[in-house]
Each structure stands twice: as C-alpha cells, then as structure tokens.
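Chemist: Here is what each chain is made of, one letter per residue.
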Amino acid sequence: MSIAQNMLNAMVKNKIEFVTTLPCKQLSCIIELLEKDERILHVPSNKEDEGMGLCAGAYMGGKRPCIIMQNTAIGVTINTLVTLIQYYRIPLPILISYRGELGEKVQCQVEMAVHTKGLLEQLKIPTYHFHEPKHLEEFDGILNHTFIAKKPVAILTDANFWSSTS
Amino acid sequence: MIRSDILKTIIPVISDKLVVSNIGLPSQELHMLDDQPTNFYMLGTMGLASSIGLGLALSQKETIIAIDGDGSVLTNLGTLPTIANNVANNFILLIIDNGSYGSTGDQPTYASGKTSLAKVAEACGCDNVFECKASETREILEKAIESKKMTIIVSKCQSGNIPVPVIDIDPAVIRYRFMEEIKARN
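Line order of the protein sequences matches chains B and D. My numbering numbers the first residue of the first sequence as 1 and each following residue consecutively. My numbering numbers the first residue of the second sequence as 167 and each following residue consecutively.
Chain B with its partners taken away, still in its complex shape (with noise of 0.2 Å):
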C-alpha cells in the first residue's frame, strides 16, 4: 500500500472526515486519492488560513478535520493558527510537504525551508518530521495525540520520504 493510501486509512481511523488541501506536486498523490475517498469529505480551498478556518468550522460541527498544505505557506497562516485555532482550542492535523529540504530542485522552496521549523517552534506547534518511510508508522499515534491535545500539530513530510512511495 502507498503511503498516502496509508495515511488516508490512519485519518479515517482516527474519525478525520473532512480535509481541505492546497496543492502541492509533493502532495499530489494523496489530494488525487482524497478526491476519489468517499470516507472523507475533501473541500480544496483557495489559500492556507481559509482553510483553517473551514477547518474550525468542520470541527465545531462535529467533523474532526485535517488540512494538507505545503511549508512555504506558514507564514500565511500565523495569525489564524494563533487567533483561531490555539486561542479556541480547536485541535488541527497539519499534514505539510516540507518542500526545500534534501532532494529540492527548485532553488527558491529553500528559503522557507530554513524558516519552517524555526516558525513552528515559536508558536509553540508540537511538529513531527518524517524523512524516513519508517516515520509513516507513528502518523496513526500523532492524529490520535492532535485530538486529545486540541492543538494544531504539524507533520512535516519531505521529498525522501514521498520518494519512497509513487
């Protein structure tokens, strides 16, 4: 099984049923599979804190909710993440393509690469980096921490783990 087929499984485990993406080629493979999932609700949205806020919404109505986005968006999203999601305590699985690590050929993603975990780690977002395939086993558990946390969780995912998949 793909690892975004995986992943999909390990969201509706966890009662995730509706997921807003933005897209990203990294991401392709599991936004192609969402859109094919009848388990999930897959609402794309048109920029990252937007999504977010679909994503409070989902939640407050009874949706536990996931948003798939790349990292050079963060800095989109500061002011929802800590005016919407922390100050609510709405809990948030931030599926995200860590674009500009190893394996980048497109110069520019590396300048918020060098940002990415930076920003995470001053607005206090617990943040998971999988690199490894092995790394895909413990999306299950971080999903399932999201919800007890209530807090938006980050996951970031870069281009060695997706290249073991497709």
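Calculated directly from the structure, the hints in this document are not laboratory data. Heads up, some of the hints might be wrong.
[Claimed, not checked] With a Cα cut of at most 25 Å, we get these calculated DSS-like pairs of lysine-lysine:
| hint | chain 1 | residue 1 | chain 2 | residue 2 |
| --- | --- | --- | --- | --- |
| 1 | B | K13 | D | K349 |
| 2 | B | K105 | B | K124 |
| 3 | B | K150 | D | K227 |
[To be verified] Cβ-to-Cβ under 8 Å is the rule here; a few derived chain B residues that face chain D:
| hint | residue |
| --- | --- |
| 4 | N9 |
| 5 | S45 |
| 6 | N46 |
| 7 | K47 |
| 8 | D49 |
| 9 | E50 |
| 10 | A58 |
| 11 | G61 |
| 12 | G62 |
| 13 | G75 |
| 14 | V76 |
| 15 | L84 |
| 16 | Y87 |
| 17 | R89 |
Beta carbons: idealized from backbone N, C-alpha and C, even for Gly.
Given the coordinates of chain B, assemble chain D onto it according to the supplied hints.
Modeler: Then chain D, alone, in the frame of chain B:
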C-alpha cells in the same frame, strides 16, 4: 440605517439560530444586544467568518448564518469560489456592507467604490445572491431561511458604530457552549 440597526431588526429572526459573527464591532454589538450560546463570536482572525460558517454548514444539518462585513469579505475573497463550488443548502452568508472598515475607524473599502460584492459573488459562481437595502434585510433573510438554499445577502447600509463593551468571555467557553448547542440540535 447602520450595522447595529440591521442587527436589531434581524435579532428576532436569528436569536435561536446558529450564527457566526465577524471580528470586532459586529460580534461586540451582537453580544451586547442578544448574547446567546448559539452565537460564535470571532475575537480575532479577520476575514474567516464565511469560511468557519461554510465548514459548519458542511459538517452538520442545522442552518448556519454567517454575519460578515464587506471589509472582511474583501480580505478573504477566495472564500466566494469555495462557497460556490461546495454548495451547502443550510448556509446563509449575510454581508453587512457599510462600505467601510468599521472596527478600525471607518476607513472606506473598495466596496464603497467601484466593486460590487454581489456581482463578485455571482461571478464566482454563487447562486441566490441578493443585494438589498438595510431595511429589507430581515424579510430577505427570513425568505432565505425558509428557502433552504444556500444564499448570499449583501445588505447595503450606512457607515457608523455605537459604543459597545468588549466581549469578556473566554474563547474556549464561546466555542464550548456553541458546540454544545450544535450537538443538542443535531
């Protein structure tokens, strides 16, 4: 009429409905005029009332009314295509369009100039878009609720604010009591 006048006229209609209200004075006015556990007050995060409202509408059965402003919608214009393409017939977006950023000193927005938010919403693919005078808001809102169709109302009113206290309810409490209401109704 100014925004608080519209709120006064629609309170009999929305008082027992699930409402997401926009950051700043709109939430503070609603809180002062008719605080209810069915109101979700945004204390921060400008622009996301419509997104939170759509997420709620897509996740449960009850009617959701998001009360937004022209400035906030302009901040998050990407919300309109998302609303248009993910139809939730239990969702009403009420944009109180006073042509200004009311909470920050009434600076004019582009909605007071050449930009029509109703036309933008239609161009984004939204159906059931109604622009109305402030005095017509209650009647159109009532019809929208009865229609059980996703509706966007742009209510044009004057710029202006009334003195209101800040909301001193903990955000986790606002969220908790709102969710308890949703659970009880679904």
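Chemist: In ascending order, which of the hints set out earlier in this document are inconsistent with the structure?
Modeler: Going through the list in order, the structure violates hints 2, 4, 13 and 14 and respects the others.
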